[in-house]
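**Student:** The opening residue of the sequence shown carries number 0 in numbering that gives the first Met the number 0; numbering runs sequentially from there.
Calculated from the structure, these hints are not laboratory results.
Keep in mind it's a predicted model, so treat the numbers as computed, not measured.
Glycine residues also receive a C-beta, built at the ideal position from the N, C-alpha and C atoms.
There could be a bad hint or two in this list.
[What the hints assert, rightly or not] Okay, the calculated beta carbon distance ranges per label pair:
{"no.": "1", "residue 1": "29", "residue 2": "182", "range": "47 to 53 angstroms"}
{"no.": "2", "residue 1": "171", "residue 2": "49", "range": "25 to 31 angstroms"}
{"no.": "3", "residue 1": "214", "residue 2": "270", "range": "19 to 25 angstroms"}
{"no.": "4", "residue 1": "355", "residue 2": "456", "range": "20 to 26 angstroms"}
{"no.": "5", "residue 1": "71", "residue 2": "232", "range": "46 to 52 angstroms"}
{"no.": "6", "residue 1": "461", "residue 2": "42", "range": "48 to 54 angstroms"}
{"no.": "7", "residue 1": "269", "residue 2": "452", "range": "14 to 20 angstroms"}
{"no.": "8", "residue 1": "185", "residue 2": "267", "range": "29 to 35 angstroms"}
{"no.": "9", "residue 1": "21", "residue 2": "147", "range": "25 to 31 angstroms"}
{"no.": "10", "residue 1": "269", "residue 2": "402", "range": "19 to 25 angstroms"}
{"no.": "11", "residue 1": "71", "residue 2": "287", "range": "39 to 45 angstroms"}
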Amino acid sequence: MDHLPVFLNINGKRTLIVGSGVVAARKADLLLRAGSRLTVIAPELGDELSMLAERYEFTHRQQELRASDLAGCVIVFGCSHDDDVNLKLRELAADAGIMVNVPDETESCDFTMPAVVDRTPLLIAISSGGSSPLLVRMLKARFETTIPAAYGRLAEFAGSYRDRIKKLIPNSRRRRRFWEAMVSGPVAEHVFSNQSEQARLLMESQLEEAAAAGDKPPEGEVYLVGTGPGDPDLLTFRALRLMQQADVVLYDRLIGDGILNLVRRDAERVYVGKLKNNHTVPQEEIGRMLIELAQKGKRVLRLKGGDPFVFGRGGEEIEALSEHGIAFQVIPGVTAASGCAAYAGIPLTHRDHAQACIFVTGHEKDGKLNLNWDTLVQPRQTVVFYMGLTSLAAIAQGLLDHGAAPSTPAAVIENGTRAGQRVVTGTLRTMAEKTAQAEIKSPALIIVGSVVTLRDKLSWFANQPEED
C-alpha cells in the first residue's frame, strides 16, 4: 500500500489554493463542501471559481504568494498554470511542515485527492495514487450507479441511534450483531423506501428486545470456509460475507495475505498451520480451540486451503463441534485439483483421454505409501496426488511397479493459481528428477495421465514459467 487512506476533518480550518481554472475549482468545491475556511490566491478567479463564489464564501487575494499566506493552513494546493509558482508553494509548505498537493505532479505531492462517491455522511474514496486517473473515474462511475443515494439516509438513521445503542447493549459482540442485522434487514429496507416512521418503530422494537438480553454474550458459531488454492478471486460470495463478520480467524499456512486481508480488520488472528513433520498445532488442539472460542460467544472463522472436505480434515473438525452442540456452517472452496489443473491448462477429464478422475493423498505415514495401486494404474483416467511432493519418486515407482507405462505423462504444479505458479511436465520416468532440478517446493500438486499432454494447447494463465 503506497498511501494511507484517511478522512480529514477540516471543518472550520484554513486551507489554501494557489491558482485558478477548472482544476482549482474542483478542489475548492470539495474543500468548501467539507466546511473549510478557504483562501484562493490568483490574479483572477475565472468563470469556474466565480460560479462557486455564488454558492459559498471564501477569500480571494490578488497578490503574489507569501510565506505568511500558509499560516494556520492544514493543507494547501498548487493549481497555478505557472510551474515556478507551484514550486514556490511546495518549498514554502515544506518549510512550514504543511502537506501540499499539486495536481498531475504525483511525485511532488504529499497526498493525492481521491475520487469521491458522496452519500453523506457515507463517503467512498477511490484512488490510484495518481497511477491511472482514467481507471479511478471508471470505478467511480460504477459505484455511483450501484450504491443508491438512500445509503446516506441509512447512515444518518444509524448515527441517530449510535449513543443509545451503545448504552443499552453493553456487550460489544452482541452490539455489533445488532448493527449487522439492522443495516441488512427490514429496518434498512424501510429507510431505503423513505418510510422513516415505520423504520423508527421497528428499530425501537428490536432495540427493546436486544436490551432485555442485558450483557449476556451472544451464541457462538463456527464457519468452516474453503478458500481455494490461493487466488482470492476464487473465493465465493458466501465465504467473503462470513470472513467480514468473524470475531476470530484460525488459518492454515496455505492462506496467503491476499485472502487474509479480506478478513475483518479487527478480527483476532490465530495461526494453526502445519508444516511437514512440524505440527505447530495438533489437530486435536485446533478442534478444542474452535469449541472453546464458540462457547465464549464468538463467531469463529476457520479458513482452509482448497476445500474443507477434500483432504482438509474438515469432517473431523465439525464432528467435534456437533458433539458439543455448537452451530457451524461449511462453505466449500475450489479444491486444489480443480483450481490448479484449470490454471495450468490441464483438463482433469476429456472425451479423448480420461473418463474418470481420482483424488489421492500422497502423504506418507510411517515412511510408507498405503495406496490401492491397481486402481490407480487403470487406463483412461486421471490421478491427482495431494501432498505428494516429497513422495514423488515413490509415487512414480509404485505406479510403474503396478503396470503403468514409463512414458505416462505427468505434471507437478507449484503454487497453483497464484502469481508464482510454476509447472513442470514430463513422464513417470523423468518427473522426480525434473522436479528436483527445478527446485519445486510445497504447496505442489501432482497430476498423472494423458490429459497432461493437452497443456501445450490449452495453457492460458500467463504468469507461469514453463519448466521442461
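**Student:** Which constraints among the numbered hints does this structure fail? Numbers only, ascending.
**Tutor:** Hint check: 1, 2, 3, 7, 10, 11 fail, others pass.
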